[in-house]
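Peer 1: First to last, the sequence lines map onto chains R and A.
Take the first sequence: its position 3, counting from 1, is numbered 3 in UniProt numbering, and each next residue is one higher.
Take the second sequence: its position 43, counting from 1, is numbered 43 in UniProt numbering, and each next residue is one higher.
Quick caveat, the hints were computed from the structure, so don't treat them as lab data.
Beta carbons are placed, not taken as given, at the ideal position from N, Cα and C, and that holds for glycine.
Heads up, a few of these hints could be off.
Here are the computed lysine-lysine pairs in the DSS-like style, where the Cα-Cα straight-line distance is at most 25 Å [as the list claims (entries may be wrong)]:
| no. | chain 1 | residue 1 | chain 2 | residue 2 |
| --- | --- | --- | --- | --- |
| 1 | A | 183 | R | 56 |
| 2 | R | 81 | R | 175 |
| 3 | R | 212 | A | 89 |
| 4 | R | 355 | R | 147 |
| 5 | R | 279 | R | 344 |
| 6 | A | 187 | R | 6 |
| 7 | R | 9 | R | 24 |
| 8 | R | 6 | R | 32 |
| 9 | A | 17 | R | 9 |
| 10 | A | 154 | R | 175 |
| 11 | A | 63 | A | 17 |
| 12 | R | 9 | A | 154 |
| 13 | R | 9 | A | 165 |
| 14 | A | 125 | R | 24 |
Okay, the calculated bits of chain A under chain R, using three or more residues with CB under 8 Å as the criterion [claimed, not checked]:
| no. | region |
| --- | --- |
| 15 | 68 to 82 |
| 16 | 168 to 177 |
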Amino acid sequence: MEPEGKLIKLLADETFQDAIRTSKDATAEEQKALMISYGIRAEELAYAYKLLTAMKLESVQPDAAEVAYALARLKSQVHEKQKGNGRQTSSKDKILLLITRVAAVLAFPLLLTSIYLFYQTNSTDITLGEEQTAENYNTFFASPGAKTQVVLPDGSLVWLNSGSSLSCPPVFSAKLRRVHLEGEAYFEVVSNKQVPMLVETDHLSVKVYGTKFNVNAFVDEEIIETTLVEGKVTMIPANSRKEYALEPGYAAQYRIDGNEITAWRVEDMDAFTGWKDGKLLFRNEQFSDIVNDLERWYNVDIELKDPSLGRLNLYATFVDESIEQVFSILSSSIPIKVDYPARKRQADGSYARRKIVVSRDHNRIIN
Amino acid sequence: MNGKEEIPMSLVWNQMKAGNEQGLSDLFTRLYPDLYLYGMKIFNLPDLVKDSIQDVFVRVWEKRKTLGEVLNPKAYLITALRRKLFENKERYFAADAEILTKISEKQAFSFVENEFTEIPEISEKLRESLIATINDLPERQRELVFLRFYYNLKYLEIADILNVKEQTVKNLMQRTMGSLSSKLDRKQWERMDDLDGLLFTFFVFVKK
């Protein structure tokens, strides 16, 4: 046999691998013995030793909280099954279960919230598993100019953007966590593989099991945008049974009229989710879209005197700025003139919504 | 394996088999990290992997009375997990979902540098070339490397996991070693002066 073929055969031999990999502290004599018994030269032994030890993989450091959580989950599954079989768990088992539950709860405060809320709301006389009718849904609003945070019955968090509303049942059914959204919201959904959450909008639903994502579905806009920060979501257009999967770091746009979905990688996640932290980011967006957002954000009416202004594209970031400051920044980059007419007093004595008039500044030519 | 004195795995396994819940907990806690890593190497989908591990343990617990003899619990559970992962995966790719974006650009069983144990005898350069060469191997061979050099499993156990004959594992290992040896710069690996002053017993011996 060729020497090279022989060495390869040796390298692949189970006993040889074990012998070499345990020879770290071998004495010169032991090394010589290895060479003789396998009939290899010193260089070959050096090669074999280096190769086979270099291939040793580091063992992973277990994350204690993660393992504790997984163990608690296993135990509750096992106990549930046992209960189902009509068997009684011993008191010792119960204590053990309690201990592991506490460990899991400590590691995951979010879970605690969810359990707490679940038991609280469960005291109302609604049986689990029963489909909720839309009548007893609770609806949360974020009025124009304000943002609201909502805690759902399962502990999931929702940030509602200005002018948006969210409806959900007082208790979720055992099969589906169903909510209805109008406008824009950012979700941090508590993970539950068995019970998906379905975020319904008029034209598209988003199905998730536990993740962070943003849905933008304002009725006055012809697109629905979904942006995924973590985990996985699927989108189901209302007139279709197909699901479209979205991966983290991607955004997808569903065009209602064209009934088509496109996805792209997001470079600046803040542009989609920054609003929940009070940031307004625009990335190469049309001025007309920006105006729509500003109207909701500041609860004002903005009139574009010259519609062609709406087609200008621009980048901008605003953090906690007044509408006047926003327009003064905008007017430094696009040729606009901004007027703030005095508010009209209505017949009933109240004031109408504040109005802002934007027109083209013909004295300036930019680009 | 890590030098710590532990209760032997077979004992833990037998406690679990006897219906001792502490045995189940110990088994789970001990093997969870390794099983998770293995699952993630196959499918880079944390939820799929976590749920499948749960399924495997629930099943083992339920069937504990009728389980046959298990020589290596770890190999047994890896085998079960592998099967479960492939069984479960469809649900996590969402029924007839049209994947808009790639599930993961990371291929199964690819390795990165910090996963390898640092060994003074092997220079950074050699390690890098080795990892690149391993990552170039066909997927089946990368999985073999993982099972053998991470879990230290025997060929017979690996054969069970991969659902092939032991001879097939031997042949696969030979092909693996063959392509590694042909692609690595052997002179570099046999050289004795790349140790940067580190004393390495073999070379002391060789130079005599």
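Peer 1: Please go over all the hints and tell whether each is borne out by the structure.
Peer 2: So, going through the hints one by one against the coordinates:
1. Only pairs whose Cα atoms come within 25 Å are accepted, and residue 183 of chain A paired with residue 56 of chain R is accepted, the gap being roughly 19 Å.
2. With a CA separation close to 18 Å, the supplied pair residue 81 of chain R and residue 175 of chain R stays within the 25 Å bound.
3. This hinted pair checks out: residue 212 of chain R and residue 89 of chain A have alpha carbons roughly 22 Å apart, not beyond 25 Å.
4. A distance of roughly 21 Å separates the Cα atoms of residue 355 of chain R and residue 147 of chain R; the hinted pair therefore holds under the 25 Å criterion.
5. With a C-alpha separation of about 30 Å, the suggested pair residue 279 of chain R and residue 344 of chain R falls outside the 25 Å cut-off, and the hint is violated.
6. A hinted pair counts as satisfied when its Cα atoms are at most 25 Å apart, and residue 187 of chain A with residue 6 of chain R qualifies at roughly 18 Å.
7. For the suggested pair residue 9 of chain R and residue 24 of chain R, the alpha carbons sit about 21 Å apart, so the restraint of at most 25 Å is met.
8. Restraint check: the Cα-Cα separation between residue 6 of chain R and residue 32 of chain R comes to about 19 Å, which is no more than 25 Å; the hinted pair holds.
9. Between residue 17 of chain A and residue 9 of chain R the alpha-carbon distance is near 40 Å, which puts this suggested pair outside the 25 Å criterion.
10. A C-alpha spacing of about 44 Å is found between residue 154 of chain A and residue 175 of chain R, which places the hinted pair above 25 Å, so the restraint is violated.
11. For the suggested pair residue 63 of chain A and residue 17 of chain A, the alpha carbons sit about 9 Å apart, so the restraint of at most 25 Å is met.
12. Proposed proximity of residue 9 of chain R and residue 154 of chain A is supported: the alpha carbons are some 17 Å apart, at most 25 Å.
13. With a C-alpha separation of about 18 Å, the suggested pair residue 9 of chain R and residue 165 of chain A falls inside the 25 Å cut-off, and the hint holds.
14. This hinted pair checks out: residue 125 of chain A and residue 24 of chain R have alpha carbons roughly 21 Å apart, not beyond 25 Å.
15. For the region 68 to 82 of chain A, the assignment as covered by chain R is violated, since 0 residues bring a beta-carbon within under 8 Å of that chain's beta-carbons and 3 are needed.
16. Counting residues of the region 168 to 177 of chain A whose C-beta lies closer than 8 Å to any C-beta of chain R gives 5; at least three are required, and the coverage claim holds.
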